[in-house]
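Engineer: Now for the letters of each chain:
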Amino acid sequence: MKNSSLARKTLLVLTTVFVLLAIATTASSAWRTRSNLTAEYASKGTALANNIASSSVELFLFRDSSTIQAMIDEILSIRGVAYVYVVDPQGEALAHTFSPAIPDELRTLEGVEGEAKIRELSIPGFGEFLDVSSPILAGKIGRVHVGMDRKLIRDAIWSAVAKQALLLTPIYLLSLLAAYAAMQRIVHPLNRLTATANEVTHRVSTSTGTDDIDSDDEIRIISGRRDEIGQLAGAFQEMICKVASREADLRTAHDYLETRVVQRTAELERANASLHREIEVRERTELALTRTARELGHSNTELERFAYIASHDLQEPLRKIQSFGDLLAVSAGPALNDTGRLYLERMKDASGRMRQLIDDLLNLARVTSKAKPFVEVDLARIAREVLSDLEGRIKLTAGHVDMGELPTLECDPTQMRQLLQNLIGNALKFHRPGVPPIVRVRSRLLAVDDASENCSLGEPTCEIEVRDNGIGFDEKDLDRIFTPFQRLHDRSEYEGTGMGLAICRKIVERHGGTITARSTPGQECTFIVRLPLKHPTGSSSHS
Amino acid sequence: MNRRHFLMRSSAGSLAAFVSAAGPDRRSTAADTPPAAPAEKRDIVLGMSAAFTGPTRGLGIELYRGTMAYLEHVNRSGGIGGRKIAIKAYDDGYNPRPAIENTIRLIEKDDVLLLYGYVGTPTVTRILPLLKLHSHLSMHLLFPFTGAQPQREPPYGEYAYNLRASYRQETAGLVDRFWEIGRKRIAIFYQIDAYGRSIWEGVRIALARHGAKIAGEATFKRGTPFEHDLSPQVEILRKSQADAIICAGTYANCGAFIRDVKDAGWNVPIANISFVGSTRLLDLLIDTGRARGKDYTRNLINSEVVPSYDSELPAAREYGEMMDRYNPQLPADLPHEDCKLLPRSFAGFEGFLNAKLLVEIIRRMGKDIGREHLRKAVESVDRFPLGTGDTVSFGKGKHQGSDEIYFVTVEDGRFVPIADWKKWSP
Numbered sequence: 000m001k002n003s004s005l006a007r008k009t010l011l012v013l014t015t016v017f018v019l020l021a022i023a024t025t026a027s028s029a030w031r032t033r034s035n036l037t038a039e040y041a042s043k044g045t046a047l048a049n050n051i052a053s054s055s056v057e058l059f060l061f062r063d064s065s066t067i068q069a070m071i072d073e074i075l076s077i078r079g080v081a082y083v084y085v086v087d088p089q090g091e092a093l094a095h096t097f098s099p100a101i102p103d104e105l106r107t108l109e110g111v112e113g114e115a116k117i118r119e120l121s122i123p124g125f126g127e128f129l130d131v132s133s134p135i136l137a138g139k140i141g142r143v144h145v146g147m148d149r150k151l152i153r154d155a156i157w158s159a160v161a162k163q164a165l166l167l168t169p170i171y172l173l174s175l176l177a178a179y180a181a182m183q184r185i186v187h188p189l190n191r192l193t194a195t196a197n198e199v200t201h202r203v204s205t206s207t208g209t210d211d212i213d214s215d216d217e218i219r220i221i222s223g224r225r226d227e228i229g230q231l232a233g234a235f236q237e238m239i240c241k242v243a244s245r246e247a248d249l250r251t252a253h254d255y256l257e258t259r260v261v262q263r264t265a266e267l268e269r270a271n272a273s274l275h276r277e278i279e280v281r282e283r284t285e286l287a288l289t290r291t292a293r294e295l296g297h298s299n300t301e302l303e304r305f306a307y308i309a310s311h312d313l314q315e316p317l318r319k320i321q322s323f324g325d326l327l328a329v330s331a332g333p334a335l336n337d338t339g340r341l342y343l344e345r346m347k348d349a350s351g352r353m354r355q356l357i358d359d360l361l362n363l364a365r366v367t368s369k370a371k372p373f374v375e376v377d378l379a380r381i382a383r384e385v386l387s388d389l390e391g392r393i394k395l396t397a398g399h400v401d402m403g404e405l406p407t408l409e410c411d412p413t414q415m416r417q418l419l420q421n422l423i424g425n426a427l428k429f430h431r432p433g434v435p436p437i438v439r440v441r442s443r444l445l446a447v448d449d450a451s452e453n454c455s456l457g458e459p460t461c462e463i464e465v466r467d468n469g470i471g472f473d474e475k476d477l478d479r480i481f482t483p484f485q486r487l488h489d490r491s492e493y494e495g496t497g498m499g500l501a502i503c504r505k506i507v508e509r510h511g512g513t514i515t516a517r518s519t520p521g522q523e524c525t526f527i528v529r530l531p532l533k534h535p536t537g538s539s540s541h542s
Numbered sequence: 000m001n002r003r004h005f006l007m008r009s010s011a012g013s014l015a016a017f018v019s020a021a022g023p024d025r026r027s028t029a030a031d032t033p034p035a036a037p038a039e040k041r042d043i044v045l046g047m048s049a050a051f052t053g054p055t056r057g058l059g060i061e062l063y064r065g066t067m068a069y070l071e072h073v074n075r076s077g078g079i080g081g082r083k084i085a086i087k088a089y090d091d092g093y094n095p096r097p098a099i100e101n102t103i104r105l106i107e108k109d110d111v112l113l114l115y116g117y118v119g120t121p122t123v124t125r126i127l128p129l130l131k132l133h134s135h136l137s138m139h140l141l142f143p144f145t146g147a148q149p150q151r152e153p154p155y156g157e158y159a160y161n162l163r164a165s166y167r168q169e170t171a172g173l174v175d176r177f178w179e180i181g182r183k184r185i186a187i188f189y190q191i192d193a194y195g196r197s198i199w200e201g202v203r204i205a206l207a208r209h210g211a212k213i214a215g216e217a218t219f220k221r222g223t224p225f226e227h228d229l230s231p232q233v234e235i236l237r238k239s240q241a242d243a244i245i246c247a248g249t250y251a252n253c254g255a256f257i258r259d260v261k262d263a264g265w266n267v268p269i270a271n272i273s274f275v276g277s278t279r280l281l282d283l284l285i286d287t288g289r290a291r292g293k294d295y296t297r298n299l300i301n302s303e304v305v306p307s308y309d310s311e312l313p314a315a316r317e318y319g320e321m322m323d324r325y326n327p328q329l330p331a332d333l334p335h336e337d338c339k340l341l342p343r344s345f346a347g348f349e350g351f352l353n354a355k356l357l358v359e360i361i362r363r364m365g366k367d368i369g370r371e372h373l374r375k376a377v378e379s380v381d382r383f384p385l386g387t388g389d390t391v392s393f394g395k396g397k398h399q400g401s402d403e404i405y406f407v408t409v410e411d412g413r414f415v416p417i418a419d420w421k422k423w424s425p
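Line by line, the protein sequences are chains D and F.
Each residue of the first sequence is one higher than the last, beginning at 0 in numbering that gives the first Met the number 0.
Each residue of the second sequence is one higher than the last, beginning at 0 in numbering that gives the first Met the number 0.
Possibly wrong hints are sitting among the right ones.
To be verified - DMTMM-like mimics (lysine to aspartate or glutamate), calculated; alpha carbons at most 20 Å apart, straight line:
hint, chain 1, residue 1, chain 2, residue 2
1, F, Lys212, D, Asp87
2, F, Lys212, D, Glu114
3, F, Lys238, D, Asp103
4, F, Lys212, D, Asp377
5, F, Lys131, D, Glu57
6, D, Lys43, D, Glu91
It should be emphasised that the hints constitute simulated quantities derived from the structure, not laboratory data.
Please model the entire structure based on the sequences and the hints provided.
Structural biologist: As structure tokens, this is what we get:
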């Protein structure tokens, strides 16, 4: 039971109670012994003193003091009598039993008359006494002092105390033993529980595992007890089970997470490796692409320059052909026959068409060569100008353009005007015979997700739809319609050079946007343009 | 003095010696007498209770041996009227209660002729009422070894006969002598019992005649052994500025007191009473002095009731011869304690003289030896010479045979009569 403060406290309390009890009972018995014996000794002393006093009269008158001495010697052998002292009225001792001498305390004690007198007397070197003095013949002959030894009273008190202690000690020891046993029954299980709790704490803190702790037989036995300790042990055991299962769960989860981490790490490493490879490939590809792009750009520029120069340079001979054709018609027209005039007319047509072709080609080239920087432009205003330009054609076809709201965006206003003009113009142009064209222009801001598919990353993008109820086209020709000089219809059916949509696509692409179309042939056609609203600084470049 | 010391041990040998010493004579005498009377019945049996054990045993032993020396002589010479005298002795250790019990046994069971040789005041004082109680048996106490008053005074005086002078006479003698030489501050060292009180009262009365009081007193308990330290008593008496001390004790405690007085460097004259057992006292002091290389025997005065045993007196010579011849031993039925047996002593000599007078008294009863005849026989003794130079006389109302006091002092390790008290003049 060492280190058990509970046991120590209990034993301390027990001992304290016992000591108090012992003190109380012992004091009471000592007090009773004292008062009883004092009373007894007082009465005994009085009886003896009176007896000696009455006997002494005869002895004093008729006999010598050795007879008195013999008598008091006899008295002295009575238990409790410490001394006898016979003194005459002048204070001269007649007989006494003191050795080596009569103490001064007694010699100076005053006399008595009448009744016996009891006094408590303390004589240093002799002891403490109950002095009973009785007068002899009313004090005429003297007086007798009988001293009752209070040491005997003290001894009796001590003996009573000792007996009490003798009685109490085994009782105390027995109850101590009983308390010890009882405490063992309480403290031992508690210690066991504490040890187990400590072990659990230790194991939890060192992650040793707690699965086997609940198998402690001793605690199971303790928990079988039908008392508070049993309940505590039961609760404790249950707690340990909970802790153990929680611990197991945690461990499982932990292990699972760990394997997952390992797996993921491996995967990541693999992915990382492949990414690295990919990046390398891409970098190589990009390098190749850049080289190719540069080469392409270079050749493109060469080509554009060539086209521009060619078309520009072609204009001069063509103008001369037209000018000389006109001069020929004026000067030699009347002289020519109908065939000659037809030829001349056809020549003029062809050169006119050529001129148109060259213009369109120049326009296409100019999209990049004559590009202006992007500025903030209200698309609605541009649209209004376009409608105003197309007014004649709308009236001619009895068509209708439904212009919805259009956004403001950063763009090249001239090119944007050309884009809208080409798209709306196309819609008015390719109307079904006998059916007035109805064109609807709509715009909307795209969500980033929608925009990201076709547009530059993360830029706010607007989508502009131009829809008509015209002849439409077969969607398998979608690629062709944006290619320069590609036409789906005969020139006789619909005029044009086949450059309009190619220019549109070039403009849109220069703005970082996309253009596409869908159509139900013979019913409708919709061109869809997506343009970023803003261009990051420096990106407003030529494609 | 020819100091021969016998260390006597209790042994079957000494017992056999004693029994055979008395036995054959008795039986041969018994053979002459009619067979109807048993031998025991024919013996004259005297009852004795004395200290044979304890610190005072030396007194009882020497008194007995001195007595037996003479009785042996009488018995060997045919006894009294053909009857031997035997002493039935019991030990009381100088204590009153056993003395009373012994006395009752002696009277009621042992049917003794008389009580004889009792030692001590506290014992004798207490058995006196038994004599009164058995007065119808005419039981008397003869020659007790005490000088106290109770057996000399009413109401018990009539049942006792004393040979020795009283303590009153001894103390008066000492006080008067001290007073004469100018030592008037007389203190007393006494046994706190009837004996001591007896001496105390004797000194008080003697001093009162001179108009003086006891200068100082110190007491001790009966039975105090020689080894006991008595310097507190010495201190008390020294403070009283006493110039003479009278002791009332026995050789063991008075010896201790004298030793402690001398050890304290106090040269006051110290007087002892006859009861002290002077020879044993001197023996003790000489032994102690020899062991310590110191003389403890100076300034000692003893009052005796018999003359010196090594004087040229006929009785003293007789005593010495008989002691040498018979060397009496203690009866076997007494408890034995180691005790140095003295070849001579004052107590032994007193016993011897007591026996001598006793035999004379029994002889005077003639053929009618019986308790009822004792008083007449004793009181018929008139100026009887004991061989001490003085005579003893009893009579009606005279129950003390001798008034003689002898003062002795120690010179050269032996007691000598005091020639001149002036040597102690202050």
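Engineer: All hints are to be evaluated individually against the structure, with a verdict given for each.
Structural biologist: To see whether the hints hold, each was checked on the structure:
1. As the CA atoms of Lys212 of chain F and Asp87 of chain D are separated by approximately 15 Å, the hinted pair is consistent with the 20 Å bound.
2. With a C-alpha separation of about 31 Å, the suggested pairing of Lys212 of chain F with Glu114 of chain D is violated against the 20 Å cut-off.
3. With a C-alpha separation of about 14 Å, the suggested pairing of Lys238 of chain F with Asp103 of chain D holds against the 20 Å cut-off.
4. Proposed proximity of Lys212 of chain F and Asp377 of chain D is contradicted: the alpha carbons are some 161 Å apart, above 20 Å.
5. In summary, the hint linking Lys131 of chain F to Glu57 of chain D is supported, as the alpha carbons are separated by about 17 Å, within the 20 Å threshold.
6. Between the alpha carbons of Lys43 of chain D and Glu91 of chain D the distance comes to roughly 25 Å, so the proposed pair goes past 20 Å and is violated.
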